[in-house]
Amino acid sequence: MASPDELLIAASSLSRVYGERRVLHDIDVAVRRGEVVGFLGPNGAGKSTTMRILSGVLAPSGGTVHIAGIDLLEHPIAAKRRIGYLPEQPPVYRELTVDEYLRYCARLRRVAACEAGAALARVKDRCSLQEVGARLIGSLSKGYQQRLGIAQAIVHSPEVVILDEPTVGLDPIQIREIRQLIRELRADHGVLLSTHILPEVQAVCDRVLLINAGRIVLDSTLAALSEATRGWRVRLRRPPPLETLKSLEGVQRVDMLDAQCFLIAGPQLDGEDFARRCVGADWGLIELAPQDRSLEEVFLRVTSGDLATEAA
Amino acid sequence: MTAAIAARELRSLFLSPLAWVILAVVVVILAYAFLVQVQVFTEIQPRLAGLPYAPGVTEIVAAPLFEFAAMILLLVAPLLTHRAIAAERRAGTLVLLQSAPVSSTQIVLGKYLGLLAFFALLALLVAAMPASLALGTVPDWRHLGACVLTLILLLSAFVAMGVLISSAVEEPIAAAMITFGALLLLKIIDWSTEVATETRTGVLMRYLSMSRHYEPLLAGRFASSDILYFVILTLVCLALAIWRLDADRLHG
Numbered sequence: 001m002a003s004p005d006e007l008l009i010a011a012s013s014l015s016r017v018y019g020e021r022r023v024l025h026d027i028d029v030a031v032r033r034g035e036v037v038g039f040l041g042p043n044g045a046g047k048s049t050t051m052r053i054l055s056g057v058l059a060p061s062g063g064t065v066h067i068a069g070i071d072l073l074e075h076p077i078a079a080k081r082r083i084g085y086l087p088e089q090p091p092v093y094r095e096l097t098v099d100e101y102l103r104y105c106a107r108l109r110r111v112a113a114c115e116a117g118a119a120l121a122r123v124k125d126r127c128s129l130q131e132v133g134a135r136l137i138g139s140l141s142k143g144y145q146q147r148l149g150i151a152q153a154i155v156h157s158p159e160v161v162i163l164d165e166p167t168v169g170l171d172p173i174q175i176r177e178i179r180q181l182i183r184e185l186r187a188d189h190g191v192l193l194s195t196h197i198l199p200e201v202q203a204v205c206d207r208v209l210l211i212n213a214g215r216i217v218l219d220s221t222l223a224a225l226s227e228a229t230r231g232w233r234v235r236l237r238r239p240p241p242l243e244t245l246k247s248l249e250g251v252q253r254v255d256m257l258d259a260q261c262f263l264i265a266g267p268q269l270d271g272e273d274f275a276r277r278c279v280g281a282d283w284g285l286i287e288l289a290p291q292d293r294s295l296e297e298v299f300l301r302v303t304s305g306d307l308a309t310e311a312a
Numbered sequence: 313m314t315a316a317i318a319a320r321e322l323r324s325l326f327l328s329p330l331a332w333v334i335l336a337v338v339v340v341i342l343a344y345a346f347l348v349q350v351q352v353f354t355e356i357q358p359r360l361a362g363l364p365y366a367p368g369v370t371e372i373v374a375a376p377l378f379e380f381a382a383m384i385l386l387l388v389a390p391l392l393t394h395r396a397i398a399a400e401r402r403a404g405t406l407v408l409l410q411s412a413p414v415s416s417t418q419i420v421l422g423k424y425l426g427l428l429a430f431f432a433l434l435a436l437l438v439a440a441m442p443a444s445l446a447l448g449t450v451p452d453w454r455h456l457g458a459c460v461l462t463l464i465l466l467l468s469a470f471v472a473m474g475v476l477i478s479s480a481v482e483e484p485i486a487a488a489m490i491t492f493g494a495l496l497l498l499k500i501i502d503w504s505t506e507v508a509t510e511t512r513t514g515v516l517m518r519y520l521s522m523s524r525h526y527e528p529l530l531a532g533r534f535a536s537s538d539i540l541y542f543v544i545l546t547l548v549c550l551a552l553a554i555w556r557l558d559a560d561r562l563h564g
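These protein sequence lines are chains A and B, in that order. Those letters in the first sequence? Residues 1 to 312, by our numbering. Those letters in the second sequence? Residues 313 to 564, by our numbering.
Keep in mind that a hint or two might mislead.
Stated by the list, open to error - Pulled from the structure, derived: some chain A residues nowhere near chain B, Cβ distances all over 12 Å: (1) Q202; (2) R230; (3) P239; (4) Q291; (5) R301.
To be verified - Derived coverage of chain A by chain B (criterion: at least 3 residues anywhere in the stretch with Cβ under 8 Å from a Cβ of chain B; other residues may be distant): (6) 57-68; (7) 167-173; (8) 217-226.
Note that these hints are calculated values from the structure, not bench results. Here a beta-carbon is modelled for each residue, glycine too, at the ideal position from N, C-alpha and C.
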């Protein structure tokens, strides 16, 4: 058994050029065993391209990828046995039944014939597909097809699971089940998960990678991120000029919400200390509440380009 | 792995109505052609009886039937082969193969063998017609065997060409049309008057012409160069298709 924080995906200096257009610039991705990494970024930032490279579908123009220590470019067959990949569009054959399809996937991923039955039963159980085993895939709802897409990615118990927007098209109950499934996968796999749904990252991920315009602009654990972005919401009856607030000790940034209300952020900012100063300067402190800046705000800030230094 | 891909391909073919319709239509048309040939034979048989070295029933019934089958299948093969890779690319299922631990060679060979198995079945159905003559006469089994082998060689080239073009063209229907065009061109390339000359073009055209390689085989004149022609055509097409799939990863 490998060590718990063994590096399962190690990609360094990945770049990708389409014709004249460079879509990835020196991307580094690291995913450890027992970790769910959320991969975020606006549309067209290079998320899907990166995931296609990591799953061996696309070759990078430069850089290296190691899957569980095996070079994906040098030994693609050996490395791909350890990868399960769900692309944006679930790769299902509509004319096959669920069982036929999963058996085919298991065979493609070199699950031994004698173990295929057990693998199928396990994966159908995990993805709640037991009742639809004999149904044609073409007649299944979008939610079932999406779950089948996840099932094919984990049927061979790969060490690395790469999921490109796994919860698209699911209803809230199914989303909760899939999140539960992803959390379970963490136990013995490394999971890289791309999504547009920011609460999803907060719900299941340990670490977040933010990509913008082909560059990684943020790589941080979720805990460190919320620590770094913690702030206070303060309401003052007689607020001083914005510059005065900004110059206070421990304050890194001040956002004005309205004439009397401000968001004050800084990792070392102490609430008690700040309150004492507000009272001392007679600014008429009427509200002071801790506020976690939401991931959404971080996302917007980073993609517009001014948090990169702050969270590093 | 190749076998798994081939089996899936064959299974999906038989799950689509198109394959069944093609089997039915081709068999009906060829059965009609076969009956016409039998009719011709029964009419001219008395006159043949007096001739020395007269052609037998296999030569008069089977050889033209297989030649007609070759022509029809040239039309029909692209209808089935065009989907091989183009449709998988379009439906997003090609990614399943590309992210699985299988090589491009295995993908292409799987597709080729799956489709060839279907067409080999069709060739056997065609062969069953002249073989049924055994109920009343003695067919030339060796000649009949040669005809079946020739048809399978020809179909192997058709399928390989179809897989190649399906790997290179995004639009499945366009792939079908181009496959048909390429195969037809190989068939009619010897129509040029140049063919009769000994110029370099003439020799090249004679070598490229598909008809010039299968007609002698159907007549029972086996030359290894003719067999080699189909083997080489198949291998070249498959190699190019593998190369094309590898290029997908690099340029995709």
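Here is what the structure says about each hint:
The non-interface label for A:Q202 is consistent with chain B: the shortest C-beta to C-beta separation is roughly 28 Å, beyond 12 Å. At roughly 40 Å from the closest C-beta of chain B, the C-beta of A:R230 stays outside 12 Å, upholding its exclusion from the interface. Once the 12 Å rule is applied to beta carbons, A:P239 is consistent with being away from chain B; the minimum gap is 55 Å. The Cβ of A:Q291 sits about 42 Å from the closest Cβ of chain B, beyond the 12 Å cut-off, so the non-interface label holds.
The non-interface label for A:R301 is consistent with chain B: the shortest C-beta to C-beta separation is roughly 33 Å, beyond 12 Å. For the segment 57-68 of chain A, the assignment as covered by chain B holds, since 3 residues bring a beta-carbon within under 8 Å of that chain's beta-carbons and 3 suffice. Restraint check on the segment 167-173 of chain A versus chain B: 0 residues with Cβ-Cβ distances below 8 Å, three needed, restraint violated. Residues of the segment 217-226 of chain A lying with their CB closer than 8 Å to a CB of chain B number 0, which falls below the three-residue condition for coverage.
Checked against the numbered hints listed earlier, the structure breaks hints 7 and 8; every other hint is satisfied.
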